[in-house]
Amino acid sequence: MKPIFKNTYIATFAFVALMSGSCKKDFLSVSPPTQISAELVWKDAGLAQAFVTDIYNGLNVGGFSEEMLSSVSDESLFTHPNRGIDLINSGTINPTTLGWVNDTWEYSKMYNKIRACNITIERLGTDENNGIADKAIKDQMLGEAHFLRAYFYHQLVRFQGGVPLILRSYALDDDFAAKRATFEECVNQILLDCDAAEKLLTGKSLPKGRTSSLAADALKSRILLYAASDLHDIPTAKAKSTVIAGYANPEYLGYTSGDRTSRWKAAQDAALKVMNSGSGYKMNLTAKATAEEGQRNYKSIAMGGGSKAPGVDPAAASELLFARYFIDRSDMRYGRANGPNGYHNWAGNTPVGLLVDDYEMKDGSKFSWNNAAQKASPYTDRDPRFYATVLYDGANWKPRNLVSGNVDPANQIQTGEYDLMKSGTKTLFKGLDTRGSEIENWNGSWTGYYTHKFIDPDPAIIESSMPQFVPWPFFRYTEAVLNYVEASIELGQLDQAVLWLNRIRFRAGMPAITITSQDEMRKIYQHERRIELVYEEHRYHDARRWMIANETLGRKTTYIKVSGKFKDGKTQNAPYHYDPAVYQYTYTPTVETAQENRAWNDKLYFRPFSRDEINRNKELLQNPGY
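Be aware that the sequence shown starts at 9, since it is given in this note's numbering, and climbs by one per residue.
Keep in mind that the hints were calculated from the coordinates and are not lab data. There's no promise every hint is true.
Only pairs whose alpha carbons sit at most 30 angstroms apart, straight line, appear in this in silico DSBU-like list of lysine-lysine [said to hold, decoys possible]: (1) Lys-564 to Lys-187; (2) Lys-316 to Lys-370; (3) Lys-212 to Lys-117; (4) Lys-611 to Lys-117; (5) Lys-117 to Lys-626; (6) Lys-383 to Lys-575; (7) Lys-143 to Lys-51; (8) Lys-564 to Lys-374; (9) Lys-573 to Lys-383; (10) Lys-216 to Lys-316; (11) Lys-438 to Lys-569; (12) Lys-246 to Lys-564; (13) Lys-430 to Lys-578; (14) Lys-248 to Lys-374; (15) Lys-370 to Lys-187; (16) Lys-216 to Lys-246; (17) Lys-370 to Lys-531; (18) Lys-531 to Lys-374; (19) Lys-248 to Lys-611; (20) Lys-434 to Lys-216; (21) Lys-578 to Lys-374; (22) Lys-246 to Lys-626; (23) Lys-248 to Lys-573; (24) Lys-248 to Lys-273; (25) Lys-531 to Lys-296; (26) Lys-434 to Lys-383; (27) Lys-248 to Lys-531; (28) Lys-281 to Lys-296; (29) Lys-187 to Lys-117; (30) Lys-187 to Lys-296; (31) Lys-531 to Lys-273; (32) Lys-438 to Lys-281; (33) Lys-216 to Lys-146; (34) Lys-296 to Lys-383; (35) Lys-575 to Lys-434; (36) Lys-246 to Lys-146; (37) Lys-438 to Lys-575.
No experiment lies behind these values; they were computed from the predicted model shown.
Using the sequences plus the hints, can you model the full thing?
Set out below in structure tokens:
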């Protein structure tokens, strides 16, 4: 009966319309109510702005997807198998099996958004293509489009090298075959778009989450740093990789000639411009903060002004140059995706022991499992940033009784196995945050650690059922500082490198370093960048562009096994809580390959183009090793 009723209704409506306007024979020639023509969009500033706003969706949720880029580096392990991350880490991806692909850098999605940028630039670039009279509004949207096009191309380039440069919107009857541009041509285009965005956006104040002239400068700083790096200096890259040395078209991967020193100088100048235009957060300290202050500073930076937790400084939002905010995203569940299973979370991207072991002691010395005192108490007196980044066995966390009942009055992370008295009998108790948890035994960490960074520590937020509003930092001030430091080291200006590295360390509560050799400074810097920017989607790219992936990303993952045995004459009744006066704790680092058997293959310096893309575009030449 529904179809008959529906047709009757439509017929009646048409009859009434015909009778009431019989002189209008085109009464059915109306615009679809759910669509707006392109011509109307570019005649109205509000509609045009809505079109540009939609381009930002190409940024997706930033790095806060369930599977994180950290888990295809030596930062974390993705807990749940069969998502394709293991294929990347084992070096088995190929044009038909791409492994995990994220929307923030996936090839076709980037080009879809690039097309939207091209349309915007074509429509707003001349007065003839639009009816928007307000030049300031038009310049703003045009600047946004140039920045976003630069950003999407930079994503493609740093994952795949040189790609086709499509700078106009294609029609359906156009020839879609397009050759790859050289790496240098791609970098030059990104720089042109950054310069255009910077010029158009200077002096304009945009809402949070939209770009700015400073963001354009930050993107320029990043791409110039990459351009100067080992991977993209082909003579250097060939000397370090036989796969790259045997590739017939290295111009797609980097610079085959030219003055590398001038590239480092350009990177240094671009970073300095950002530093002079912004301020960052507490980057003017002349002595180290206390350990407590350092931990609080780093935690506040990670929150980016999006947390109401006690002790978190909202002023740290000044560190953000361009970020993805989640004010209207009630489905943002970063804490649920990554928090401890003993809180009914999913333990998604858990820190690996390789990362934890790289945190220095708070006096600046290296941590070592060969040091008996450090092995006996590995989480004591570490770099303050460690405590704001990693949840480890015995770490204080949120009220567990809000989600799991009164099973843990101490509210501490439990990733070990412990002696425990239950009904007068000694038992072996598996911690509430292990894969043997009595709360949830399937969503537990394999590594023995959980991430702390980016999870809002506000005790009122229950990760498993509530959103958080912590922004994702696409660019932050300290990245530009680190870019400046790296370029300064390569230019032999070690005094400048030490000055700014120490400002980062002072803010974190770490002692100063002193000038040493250039080679040693590189190692110090690479360590500092690893720690400071952890989980921010840098390590994947840094290990590649420095060409140290074989000895870093290719390592087998390490877990920690924690055991708590009663000391002589000591016992503890349920419920369990961490107590070194009662327990003799042992910590055993363990190499594990069951979940992932990581190995490095030089083809992984660049991702492959999919077979489908090559079939669609016969001009698209594949990357080396595939």
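Straight-line Cα separation of Lys-531 and Lys-273 no greater than 30 angstroms? holds (20 angstroms)
Measure nothing beyond the straight line between the CA atoms of Lys-316 and Lys-370; if it is 30 angstroms or shorter, mark the hint as holding. Holds: Lys-316 and Lys-370 sit about 28 angstroms apart, inside 30 angstroms.
Restraint status (C-alpha distance of Lys-370 to Lys-531 at most 30 angstroms): holds (18 angstroms)
Is Lys-531 within 30 angstroms of Lys-374, Cα to Cα? holds (13 angstroms)
Check whether the Cα positions of Lys-187 and Lys-117 lie no farther apart than 30 angstroms. Answer holds: Lys-187 to Lys-117 is near 19 angstroms, not above 30 angstroms.
Would you mind confirming whether the straight-line C-alpha gap from Lys-434 to Lys-216 stays at or under 30 angstroms? violated (56 angstroms)
Going straight from one Cα to the other, do Lys-216 and Lys-246 come out at no more than 30 angstroms? violated (43 angstroms)
Would you check the hint for Lys-143 and Lys-51, treating anything up to 30 angstroms between C-alpha atoms as holding? Holds. Lys-143 to Lys-51 sits at ~13 angstroms (cutoff 30 angstroms).
Is Lys-531 close enough to Lys-296, meaning Cα to Cα at most 30 angstroms? holds (21 angstroms)
Verify the proposed pairing of Lys-216 with Lys-146, using a straight-line Cα cut of 30 angstroms. holds (19 angstroms)
Compare the distance between the alpha carbons of Lys-296 and Lys-383 with 30 angstroms, and conclude whether the hinted pair is satisfied. holds (26 angstroms)
Is the straight-line distance between the alpha-carbon of Lys-248 and that of Lys-531 30 angstroms or less? Holds. Lys-248 to Lys-531 sits at ~18 angstroms (cutoff 30 angstroms).
Checked against the numbered hints given earlier, the structure breaks hints 1, 15, 16, 20, 21, 23, 30, 32, 36 and satisfies all the rest.
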